[in-house]
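Asks: Positions in the sequence shown are counted from 1; adding 1068 to them yields our numbering.
In the BS3-like style, the derived pairs of lysine-lysine whose C-alpha atoms are separated by at most 25 Å in a straight line are:
id, residue 1, residue 2
1, LYS1154, LYS1178
2, LYS1382, LYS1333
3, LYS1336, LYS1378
4, LYS1286, LYS1154
5, LYS1378, LYS1423
6, LYS1336, LYS1382
7, LYS1336, LYS1423
8, LYS1197, LYS1230
9, LYS1370, LYS1382
10, LYS1279, LYS1230
Derived Cβ-Cβ restraints for the label pairs, each shown as a range:
id, residue 1, residue 2, range
11, HIS1359, ALA1194, 25 to 35 Å
12, PRO1095, SER1391, 20 to 30 Å
13, PRO1201, TRP1101, 41 to 51 Å
14, ALA1222, LYS1154, 19 to 29 Å
15, PRO1201, SER1084, 52 to 62 Å
The hints are simulated quantities; they were obtained by calculation from the structure and are not laboratory data.
Nothing here was measured: the structure is a model prediction, and the numbers come from that model.
Cβ atoms here follow ideal geometry from the backbone N, Cα and C, with glycine treated the same way.
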Amino acid sequence: MHFETLCVHTGVAKDSAYNSCITPIYPSSTFSWDDLKTTKGFDYTRSGNPTRKALEENIVRLEGGIDCRATCTGMSAITTVMHFFKPGDHIIAPIDIYGGTYRLFQSVFKPFGIEFDFVPMGNLDAVRKAIRPSTKCIWIETPSNPLLNIVDMAALAEIAHKAGAITISDNTFLSPYLQRPFEHGVDVVLHSTTKYLNGHSDVVGGAVVTKDKEHAEKVSFIVNALGLGCSPFDAWLVLRGIKTLGPRMEAHQRSAQAVAEALDKHPKVEKVYYPGLPNHPHHALAKKQQHGFGGMLSFDLKGGRPAVEKFLAKLEIFLLAESLGGVESLIEYPETMSHASMSPEARVEAGITEKMLRVSCGIEHPTDLVADLNQALEGV
1069 MHFETLCVHT
1079 GVAKDSAYNS
1089 CITPIYPSST
1099 FSWDDLKTTK
1109 GFDYTRSGNP
1119 TRKALEENIV
1129 RLEGGIDCRA
1139 TCTGMSAITT
1149 VMHFFKPGDH
1159 IIAPIDIYGG
1169 TYRLFQSVFK
1179 PFGIEFDFVP
1189 MGNLDAVRKA
1199 IRPSTKCIWI
1209 ETPSNPLLNI
1219 VDMAALAEIA
1229 HKAGAITISD
1239 NTFLSPYLQR
1249 PFEHGVDVVL
1259 HSTTKYLNGH
1269 SDVVGGAVVT
1279 KDKEHAEKVS
1289 FIVNALGLGC
1299 SPFDAWLVLR
1309 GIKTLGPRME
1319 AHQRSAQAVA
1329 EALDKHPKVE
1339 KVYYPGLPNH
1349 PHHALAKKQQ
1359 HGFGGMLSFD
1369 LKGGRPAVEK
1379 FLAKLEIFLL
1389 AESLGGVESL
1399 IEYPETMSHA
1409 SMSPEARVEA
1419 GITEKMLRVS
1429 CGIEHPTDLV
1439 ADLNQALEGV
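With the sequences and hints as input, model every part of the structure.
Replies: As structure tokens, then:
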């Protein structure tokens, strides 16, 4: 079956009593046993729930893995896989990583003794030089947040495997509709299901997808032991959102392409970061390993923060808000919002400046989005 068909029909047929065409919500916290050895497959919702299981079946089918665990937030998905590692282990991560991930690594797991190097992942020699005997993981975020850098997943997987390490890829920005990291040798795939998978800005959640039995068993144990599973209602919302993932992603990237092209020509815009532009340094790589360019872009506005404040005050359709991947278009200021948890020095090193804005294009008509940006730029 084609991807769009799988989105609609995977994880649905759960109601043998009434043949519901939509997956039911099972809000029960506990399930009765037939006897001391036998259940209907579930005993306690922290360990497993039919609605959550339906979502997990759907996501693992879309990503092409063997198992999935749906978690209560995107950060809990990252927390889950971080429990693969122990004090003294070393992880190589992108220098321009999402601010929340940076904070978790630096402020939570680094004090526990896990060591990190943040490197420009597009420079494969820099990645190779960062390898140590204790390196256990290369962390991949492509496209990166918020600079939209693309990194070669297959090359990074090869480097990691030669070093006896694994690769973990955050696939939130593109979703499995536009990118499937397992096809490029990645070992574990993460999502903030809050974003494109759910797509409606009304739930927070995460997912960890695995392709081998050992990792699947680890993830299942950790999610249960730490109590990180998402609620049945949240799982149902994400499963509902996934049904329209294909057409939504087409609409998102249609708008993003139009917005990027318009901004790229505007005299008040210094630089646009969007892999769908031929002048993007990683345009060819994006075409090679992605099935589209996605709905996210960033741009630098001439005039720095004063110009940014004037511009934001004029917007009518775009909402000033964090998060991304919803049906509505959002714009945010990484320096004080999504990447505020990074130190000023780390932001500068990553290339995040006071003139940068990050845009999540929704599914509105592209002409209206471009018009809104243009009228706001006139006031700068």
